[in-house]
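From just these sequences and the hints, can you work out the full model?
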Amino acid sequence: MAEVTRKRDKPLQVNPVKLSQPMGATLAFSGVDRCMPLMHGAQGCTSFTKVFFTRHFCEPIAIQTTAVTDALAVLDGGGYSIVESVKNICKKTSPSLIGLHTTGLPETRGDDLRGVASKADFPLVYVNTPDYEGGFESGWALTCKALIEQLVAPAATVNDNKLVLLPHVSLTPIEVERIKELIESFGFNVLALPDLSTSLDGHLGEKQTALSSGGISVEEIKALGNAGLVISVGESMRESAKVLLQKNAGMRHHHFSHLQGLEASDSLVELLLAETGFNGVTPKVERWRQRLQDAMLDSHFSLGQTRILVVGEPDQLAGTCRILHDAGGRVTLAVSSVDSPQLEKIWAKRVLVGDLEDAEAAADEYDLIVGNCHCKALAHRLRKGLVLRGFPNWEEVGNPLKNDLLYEGGAYFLYETANVAEEMRGKTV
Amino acid sequence: MAEVTRKRDKPLQVNPVKLSQPMGATLAFSGVDRCMPLMHGAQGCTSFTKVFFTRHFCEPIAIQTTAVTDALAVLDGGGYSIVESVKNICKKTSPSLIGLHTTGLPETRGDDLRGVASKADFPLVYVNTPDYEGGFESGWALTCKALIEQLVAPAATVNDNKLVLLPHVSLTPIEVERIKELIESFGFNVLALPDLSTSLDGHLGEKQTALSSGGISVEEIKALGNAGLVISVGESMRESAKVLLQKNAGMRHHHFSHLQGLEASDSLVELLLAETGFNGVTPKVERWRQRLQDAMLDSHFSLGQTRILVVGEPDQLAGTCRILHDAGGRVTLAVSSVDSPQLEKIWAKRVLVGDLEDAEAAADEYDLIVGNCHCKALAHRLRKGLVLRGFPNWEEVGNPLKNDLLYEGGAYFLYETANVAEEMRGKTV
Amino acid sequence: MSSKPKIKDLLDESACEYNKTKKQACNAPRPGATTGGCAFEGAQISLFPYADAAHLVHGPITCLGSSWETRATKTTWPGRDLTRMGFTTDVSLNDVIFSGEEKLVKAIDYIMAHYAPTAVFVYSTCVTAMIGDDIDFICRQGAEKHGIPMVPVHAPGFVGSKNLGSRLGGEAALQHLVGTLEPETTTPFDINLIGEYNVTGDMWQYRHLLDKLGIRVLATLSGDGRIKDIRCAHRAKLNVIVCAKSLVSLTRKMHEQYGIPSISLSFYGKRDTSKGLLAIARALGDPGLVARTKKLVAYEEARLEERLKPYRDVFADKKAVLNTGGNKTWSIAAALQDLGLEVVATAVKKATGDDRARAREYLGEKGVLMMNPGVEQARLIDEKGAHLLLAGGRSLYTAIKKGIAFADVNQEKKKSYGGYDGLLNLAEDLKNALENPVFKLVARRAPWQK
Amino acid sequence: MSSKPKIKDLLDESACEYNKTKKQACNAPRPGATTGGCAFEGAQISLFPYADAAHLVHGPITCLGSSWETRATKTTWPGRDLTRMGFTTDVSLNDVIFSGEEKLVKAIDYIMAHYAPTAVFVYSTCVTAMIGDDIDFICRQGAEKHGIPMVPVHAPGFVGSKNLGSRLGGEAALQHLVGTLEPETTTPFDINLIGEYNVTGDMWQYRHLLDKLGIRVLATLSGDGRIKDIRCAHRAKLNVIVCAKSLVSLTRKMHEQYGIPSISLSFYGKRDTSKGLLAIARALGDPGLVARTKKLVAYEEARLEERLKPYRDVFADKKAVLNTGGNKTWSIAAALQDLGLEVVATAVKKATGDDRARAREYLGEKGVLMMNPGVEQARLIDEKGAHLLLAGGRSLYTAIKKGIAFADVNQEKKKSYGGYDGLLNLAEDLKNALENPVFKLVARRAPWQK
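Protein chains in written order, with the numbering used here: chain H, 1 to 429; chain W, 430 to 858; chain G, 859 to 1308; chain Y, 1309 to 1758.
These aren't lab readings, by the way, just hints derived from the structure by calculation.
Hints may contain errors.
As the list claims (entries may be wrong) - Lysine-lysine pairs mimicking PhoX-like chemistry, simulated, CA-CA at most 25 Å apart:
hint, chain 1, residue 1, chain 2, residue 2
1, G, K1207, W, K520
2, Y, K1627, Y, K1561
3, Y, K1709, W, K778
4, H, K376, Y, K1721
Here's what the structure looks like:
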């Protein structure tokens, strides 16, 4: 499909799109109810991460640091600072889970996380997420996998009405909610792991706690083993699905690369129809499909003459590029933060593992950018249209409610993009 | 509340916001299933109206004209051209209703509409909507009233589960749908009159006809008389509610000035709780209320420093100004297309019946504009932010799906407005 | 003395060779079965592009409220672009009862005080025509008071179609503006462009070529036009009617009054643009100019061909069905052919006899002239194996059902398709349509319908 | 020779009078109970505003990937603003195993080839410090090769807090830049601004006043700074530390090495701005300058008062509770008082002894210094009848519960509150908060909860 350039020939990142693996882990733990994500490393990683997500979600973010310091860095081996952290966290709050994840520092030192965790006298899930490997998407995926491996109880029977949804990191809270809603309309009891739709969706809670509030509960995670069906969304989540299936031989699994656009949405519905034997959907779903069809037609003329750069995580690129392509958008370049098997399947002329300097160098290939707020300076400098998507978006409020998925979200996304494209053309004419 | 200037001291409209009464009538008839709106006047009024709505909704618009001409204009008295029109329309299609509405021409001439209509051997509702009186909002409201007066059968019993919703002209299709959905979640069977949510919501239908497709059916209108409850939204709809209540002494009526913002949304829910005796709402509604609260807080800092001009129809202004005010927005000026009792209740510093020249003269009173696409040139010239709302919006696709109402729509509207305000400030700094 | 033109005379316009057979249809729209704009709209179309003049609509709000800012008629006028503004007296019931004349006078004064235009057009509309407001008198008075031309335009909607309105607009300009001023200089190659409204900048696609040839556009009616220029239009050596049958009577009168000959042509597509330029040169009667024009045309055609090369592969062996009306029936067909597409059918239902003849000429014997396109087009797509349907929005569904590409010929255009360069825009848009997967995709059946 | 500063020395900084009692807390953050940035962030903060220098972060992606474009530190640098760019070697597992030095060298070469900065700062981070990459050597080599200063910054996150990092950044500048160039001219009134990062343009709120007084800003560390200026900083007559305790050791060393005295002040609020300007004038020791400054201060204060008039009514009798940390504890309090608000309480939990003393000074005996603001603030709002809570985002819920206005003191600011003019911005924002109905409204109970 696309011409994929994986190998970076640059010795550095200039204006990076890439985000770190431990940050993905933090976010995944934020989708577990009353969890305290505990980042193992120097205090700065945690501080940066906290500020990053606080600004993106406009919500207080629960997270703590093992605050590894100079002296300890060499001597400790991780045990002391982790044990101390757990102690100090529990002094102030009572989390249902501590989500221990590493940064590059303890990994370089070679901390024995498993050893420390095995001795913890507190519910704790650990995951190795050095920031010199992988990225945001893999950090989230590894954490999801760790949650399954370390928490889910093996089971022998299945509950056919119970369905586990494994969403990739770039799905917004509202998007996860909408997938759940669609599946629920077929009579399933859906559990998303992780589940940001009830934790970071931007709601005014009764009171503030220092822990994540909302998300899937630890008890629910433990009991996932008897779900009849597992649906993973995004290439990065395949591995999580695999380990979940190892918990119960009776589980069945379906995978979706993404859920954007008519075809992908149809596939999910088709699967659900097949699984349930239903012969129809709710009138609402039916209506939104017709609206997406109309949105595709209403936006096709504008998008058909628009050359687009999409910037983001691999699984995010897959869906976004596809829906744009389907409505005629000419995705001439997709800049991916990291490498992924997903890249080959992306509907773009050219896919590049790169940074925003690379995007800038290709400026005459596109008219409009879909990407995070770091793209704003770029768009401004190059006079391109901009649709803000992905992490971070510090320029806008309301990020958790941006829905580009399935029939409804697809319609809105196409309208928004076409409108930005026209606005941009109006300016440059 | 506001300082209201009703009297125009100008002998003309310069860059008008005002739209004509017959156009409001056309739109109202478009919310009746398989109706053919028939505008009585010269062909141009119809042609302008058709193009206007086609571009706004991105949909083919069903409408015909009596095509009054020079010669006939003086002689005919309306009878001939109306009867001929009905005949010609029925040659090609089989409408369930013909919606006859006038323009200034036959009204000036003094056509006896009632007389002609009484002799029609076809289902026909007529309404006098000269364009030298009233405006868009009153044309819609008069039509709704005419539909009730001329179609609804009087009744003596009521069905407590049946509820009639009377929405004002500026509510978008999706907004009407969302009101219906909320009310339906309390177990009501809701019928909206008119109902654009199923006709002009922008869906790809099975096949195209020359008639409106979707909307409330004529049979349903005829049977509205036994509804237990009537809910009118917008000052302009009070009269329609009144005539509906005359059809059945057992009906009860509740009125809402608008349904934007936390308080108004709460009032509707409160009413529904009281009427049904339910002691709670669906988890979804509950969640969206929390999200609206959060949106108010997330947007308050930005809106609190933003001075806003809102332009539109009176009932539209009422809701939009209120939700902005509630989140701290400083609505310094509201420009209304026409006069209305609603104007006194508008949450703005100053309300003016006027045009965009008046708005331009007050340019240093605001930073951001909420208004129709005619405001674009203004915003561009004056370097103001712009949130496109109201009729017409030819600059954007997807207008039928813009939802600013109730908890969910309110949250999205505040986020959108705050984001535009910040974007605007970022540019001018 | 009223400035109202005699409608019947205009309808009987002798210069319109197919008029005899169509008079009835032109004349009386059928109630309940009519589409298209009214005379008022037509008059606005023909006069509105004067950006230095105020266009004041004397009527209720429908006439202007629904129509201002709908036409992208571009201008180089350095002052405030009055075509992007809307002025209307918005007459009320009170005015209907007691006359709207006082309001109109005040409105003119207001406009003069605030916008100082170089002229004011006052458009009567159905209601104000019926109540008998004397716009002739008011304009005369206003012109005297303010010292600029004020033009009453008598084209209320009820007198007839858009087409008729355009003629009425032209008449008003002829009667009140043409011949009221003398140009500072004249040249042997002065022409007027009549009926070119510069929508989306169409005129600018060829005007620079006229400049290059030394042909001066003295005045336009009315694209990127100036009031002072149209007032001098009687000194032109040639009237060039651009794709606008409706103004034939205007040019005939100018011939009668000022001895200016006229030619009618189109700047749509490569061949017609070339033909048009040569026709002007020939009509101006200078052999040197004709030679220069031939050279220029050859150069421009070669340049265009070069730039069309990337599109050749996309269009090769592609067949199109065209469903539109009027002169688009053949002018778009010609442009499509210029791009290398085969036009297998074109609708002629809403075309004049002249247009049909031209369509036949361009399509050849094999081409189908559809008299009932709504029914025929679907069948022809199958029979001919067409790849592209160009039609109005309602036909989109036909294209989707057939799974072929669609282009909306009525879509409000933002870029010009005129002249040589405009053809590149058309090529780009059609390429985008042909390559757009949406038409096939959107036809997917829903999972629950399988 | 390593350029690594001795951390212990910095922590023991004698110029910090409250240090003795707080050493432990400064030194070791408590695992699982620590907030705030690391040394790397602090170093970036203090050096990043040099827009003409490239800031290359040698480490894995977390350090820069999450932090670039987060600080609105404004500049007048006419070249490409390098503070709005992010450069990082993004070290991989391979680099961790085999050393990242080669990559770093190439990265520097790349930056020089593509962006030609006037200097390069190379920041070590936890991982690259642990694997022992020799950034001193690489910078030395790079400086020789490219002929510009290359500054190794040894502030990996694990050495300590943001505060310590700022000192380390300052040390790096002192060691590698200060004194490496001579200014073209000097004046008797040359000063350096130390610790002013011109965030949101704070510095520009008073810099024009210094200009007016004839005080020249020779160099800044580092707001709107230039590399060539900081290299000449050793010729200043005075170091002015702006609201930044952390750089006290730097100025002490500059005093020792170059004999430059220093003063510490704040430009926040009316009184402190005036005091600050006068302190500079006095420290420069010129009676004429002092007299001029007094006059200017009087003029500016009067001008400010005039412009604050419209706000007086809004703030009259309004009481505020302030919950923040560090020097904001008293500096914001002072500014609030300047606006006419009564500050009934301020949090001192996260303040130094010096800050607490100042807070007491500003609030007087009646004011409450909160040691446990999380618990105390809600009670104090009731007791004192406060109208406004200024705190971090988490306290918003307290304000809502109490139905009073809230202002987020940690909110990422886009406009400056500094100097006289900045106080007007603060006034406007607080007026907006006090008048905003949202805090009361959002507290409405849901209909189903009534």
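For each hint, the structure was consulted:
1. K1207/G - K520/W: The given pair, whose Cα atoms are some 19 Å apart, holds under the 25 Å limit.
2. K1627/Y - K1561/Y: Violated, because 43 Å separates the two Cα atoms, which is more than 25 Å.
3. K1709/Y - K778/W: Given that 25 Å is the threshold and the Cα spacing comes to 28 Å, the pair is violated.
4. K376/H - K1721/Y: holds, 18 Å
The structure does not agree with the numbered hints 2 and 3 stated previously, though it agrees with the rest.
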